[in-house]
Amino acid sequence: MVRVHYIFDPMCGWCFGATSLMEQLAQQSHLELVLHPGGMMDKAQISPDFRAHILQADQRIQRETGAEFGEAYLERVRSGQPLVLDSYFTAQAIIAARLAGKRDFDMLKAIQRAHYQQGLDVTQTDVMQQLAQTMGITPETWQNVMPQAAAKVRSDIAQTQRLMQQLGLGGFPSLAIEQNNEWYTLSPSHYYRRPQEWQAWLESLSVTA
1 MVRVHYIFDP MCGWCFGATS LMEQLAQQSH LELVLHPGGM MDKAQISPDF RAHILQADQR
61 IQRETGAEFG EAYLERVRSG QPLVLDSYFT AQAIIAARLA GKRDFDMLKA IQRAHYQQGL
121 DVTQTDVMQQ LAQTMGITPE TWQNVMPQAA AKVRSDIAQT QRLMQQLGLG GFPSLAIEQN
181 NEWYTLSPSH YYRRPQEWQA WLESLSVTA
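Residue 1 is where the sequence shown starts when you use the UniProt record's numbering, and the numbers rise one by one after that.
Keep in mind that the hints were calculated from the coordinates and are not lab data. Backbone N, C-alpha and C define an ideal beta-carbon position, used for all residues, glycine too. Hints may be right or wrong, so weigh each one.
[To be verified] Below 25 Å or equal to it, Euclidean Cα-Cα: the simulated DSS-like pairs (lysine-lysine) are: (1) K43 <-> K109; (2) K102 <-> K152; (3) K109 <-> K152; (4) K43 <-> K152.
[Said to hold, decoys possible] Label pairs and their in silico Cβ distance ranges: (5) Q143 <-> Q59: 37 to 47 Å; (6) R103 <-> E203: 13 to 23 Å; (7) R60 <-> N181: 36 to 46 Å; (8) H190 <-> Q129: 34 to 44 Å; (9) Q148 <-> L205: 30 to 40 Å; (10) P48 <-> G70: 15 to 25 Å; (11) P147 <-> W201: 34 to 44 Å; (12) A150 <-> A44: 17 to 27 Å; (13) Q130 <-> E203: 29 to 39 Å; (14) E203 <-> R51: 32 to 42 Å; (15) F50 <-> N181: 33 to 43 Å; (16) A44 <-> L186: 23 to 33 Å; (17) S206 <-> D42: 31 to 41 Å; (18) R162 <-> Q133: 30 to 40 Å.
Put together the whole structure using the sequences plus the hints.
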């Protein structure tokens, strides 16, 4: 089976923009989607200047990818209320979902919807537990797997960063295709708003040499 390694950050707006492409990829039975979370933000308090940058970037992301940012999210960024972004806690939750037997990609999408559309604070443990429950993870299971994920998250992110260095990747989102013991990279940006061409490329990835 061909493995497609998705190098992303949960707090990356361009990764939110690429989600529809990743959904198509995840539906391909001949491809294995492997997630590699990055560590772009570590409990980062977002300044007014950076908020303005985020809003400007989000307009471009929506224009180029078609992804829609929710008004609740935009208002949260515009407001004077504290805004903290944390790639590590969100990556921990993604790892925890996998440990609980669920698809890590589904947790990534749930986090993106909560943050970028509903304007929820995904640094809060109660918000994350609610997302887990919507995926069918019981509170008891969640309380069990989150500490396990906490023990893994920094090493997993360090592994992502090493992989990016090895492959010469400079940012998120990026794809690395592992096929017949060979690796090559692709930027999802080539296929924004081109779902038919993306589907054709996905189908062209052969499972055999």
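A quick look at each hint next to the structure:
With a CA separation close to 20 Å, the supplied pair K43 and K109 stays within the 25 Å bound. A C-alpha spacing of about 17 Å is found between K102 and K152, which places the hinted pair at or below 25 Å, so the restraint holds. The straight-line distance between the Cα atoms of K109 and K152 is roughly 21 Å, inside the 25 Å bound, and the hint therefore holds. At roughly 17 Å between alpha-carbon atoms, K43 and K152 fall within 25 Å of each other, so this suggested pair holds.
Q143 and Q59 have their C-beta atoms about 39 Å apart, which keeps the hinted 37 to 47 Å range intact. Between R103 and E203 the Cβ separation comes to about 21 Å, which falls inside the hinted range of 13 to 23 Å. Remark: the range hint 36 to 46 Å for R60 to N181 is upheld by a beta-carbon distance near 38 Å. Judged by the Cβ atoms, the range 34 to 44 Å given for H190 and Q129 holds: they are separated by roughly 37 Å.
At roughly 33 Å, the beta-carbon separation of Q148 and L205 lies within the given 30 to 40 Å, and the hint holds. Taking the beta carbon of each, P48 and G70 are about 21 Å apart, inside 15 to 25 Å as hinted. Take P147 and W201: their Cβ atoms lie about 40 Å apart, and the range 34 to 44 Å holds. Remark: the range hint 17 to 27 Å for A150 to A44 is upheld by a beta-carbon distance near 19 Å.
The beta-carbon spacing between Q130 and E203, approximately 37 Å, falls within the hinted interval of 29 to 39 Å. Checking the proposed 32 to 42 Å range against E203 and R51 shows it holds: the Cβ atoms sit about 41 Å from each other. Checked against the hint of 33 to 43 Å, the C-beta distance between F50 and N181 comes to roughly 42 Å, which is consistent with it. As the Cβ distance of A44 to L186 is approximately 28 Å, the hint placing it in 23 to 33 Å holds.
A hinted range of 31 to 41 Å holds for the C-beta pair S206 and D42, which are about 40 Å apart. In this structure, R162 and Q133 meet the distance hint of 30 to 40 Å, their C-beta atoms being roughly 34 Å apart.
Against the hints set out earlier in the document, no violation occurs for any number.
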